Amino acid sequence: MKIEFDDGFSFGKGVFETIKVVDGMPLFLEDHLKRLKNSLDFFEIKTDIDEKKIYEYIDKSNNKNFAMKVIISDKNFIVTSREDNYRNDNKSYKLKISKVKRNSTSKIIYHKSLSYYENILEHRLAVGGGYDSALFLNEREEISETSFANIFFVKNDKIYTPTVSSGLLRGTMRGFLIKNFEIIEDKIYAKNLDSFDECFISNSLMGVRNVVSIDEIKFNRNVKTKIIQDYLKKFGF
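In terms of full-length UniProt numbering, the sequence shown opens at residue 1 and continues consecutively.
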């Protein structure tokens with residue numbers, strides 16, 4: 001693999017997508033590429049998305065079930081892969097609220113950019129503390145997103161998720177769930193977390209996973225989580 005040194009590796013000017021491949025099929029590829037194109041325009045990266053390279057990579061791969069990553073910067077179009085660790089994992093998650101605040105006025109956080117290490121760092125700190133992932137609040141104490149997933153809450157059988165303006169990435173799975181289920185986008189404040197009955201997270205690899213706790217707050221239900229998980233099984237989740 002030849003990699004050119006450019007502003008993507010000097011300053012994080014670049015974007016990526018992580019795509020679940022099931023039986024040789026890249027799930028929700030159109031949605032991933034649409035988001036990728038939007039981010040390329042934002043970063044003013046004049047590179048065409050070569051969809052053919054994506055399918056060629058899958059065709060040449062011995063394993064037909066994996067997590068594929070597409071990375072694009074000014075001089076690079078890279079397709080790589082790793083094991084899809086969610087295929088045999090259906091655990092419930094414990095979240096730790098990060099001390100790092102999401103800056104909702106930042107333009108970068110609304111794109112899946114190569115400036116991603118803060119997510120990884122906070123995730124590792126949470127895991128080191130006995131949790132499964134970190135949860136970010138913004139500067140107004142609104143719930144934003146976890147270090148690798150969007151988050152949803154249930155109260156009185158209604159599903160809520162933080163509005164994008166709270167400082168989060170428009171996840172492809174988040175978008176899919178909003179299109180297919182009745183979900184209310186709203187500002188959700190950390191001080192009100194204990195008013196919810198159920199919590200779950202989502203991303204394009206895991207689909208949906210139940211959350212049993214955020215710090216000391218417990219969630220004892222998984223009714224909506226189970227309904228959505230059963231619905232996603234037909235796609236390979």
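Derived from the structure by calculation, the hints contain no laboratory data. One thing to keep in mind: the hints can contain errors.
Under the rule of at most 16 Å between Cα atoms (straight-line distance), these lysine to aspartate or glutamate pairs were calculated in the EDC-like manner [unchecked claim]: (1) K101 x E141; (2) K69 x D84; (3) K155 x D89; (4) K226 x D89; (5) K112 x D23; (6) K69 x D7; (7) K75 x D50; (8) K37 x E51; (9) K60 x D23; (10) K46 x D23; (11) K13 x E44; (12) K69 x E51; (13) K179 x E30; (14) K75 x D7; (15) K69 x D89; (16) K187 x E141; (17) K218 x D194; (18) K34 x D23; (19) K52 x D84; (20) K91 x E141; (21) K226 x D197.
Per label pair, the in silico range of CB-to-CB distance [said to hold, decoys possible]: (22) D23 x D50: 35 to 43 Å; (23) F11 x D215: 22 to 30 Å; (24) E118 x I183: 25 to 33 Å; (25) K91 x K34: 47 to 55 Å; (26) E118 x D7: 29 to 37 Å; (27) I108 x N180: 46 to 54 Å; (28) D50 x D215: 18 to 26 Å; (29) S61 x K158: 40 to 48 Å; (30) D50 x F9: 14 to 22 Å; (31) E4 x E185: 18 to 26 Å.
On a predicted model such as this, the values are computed, not experimentally measured, just so you know. Ideal Cβ positions, reconstructed from N, Cα and C, are used throughout, including at glycine.
Need the list of violated hint numbers for this structure, in ascending order. Checked against the structure, the hints that fail are numbers 3, 5, 6, 10, 15, 18, 19, 20, 22, 23, 25, 26, 27, 28 and 31, while the rest are satisfied.
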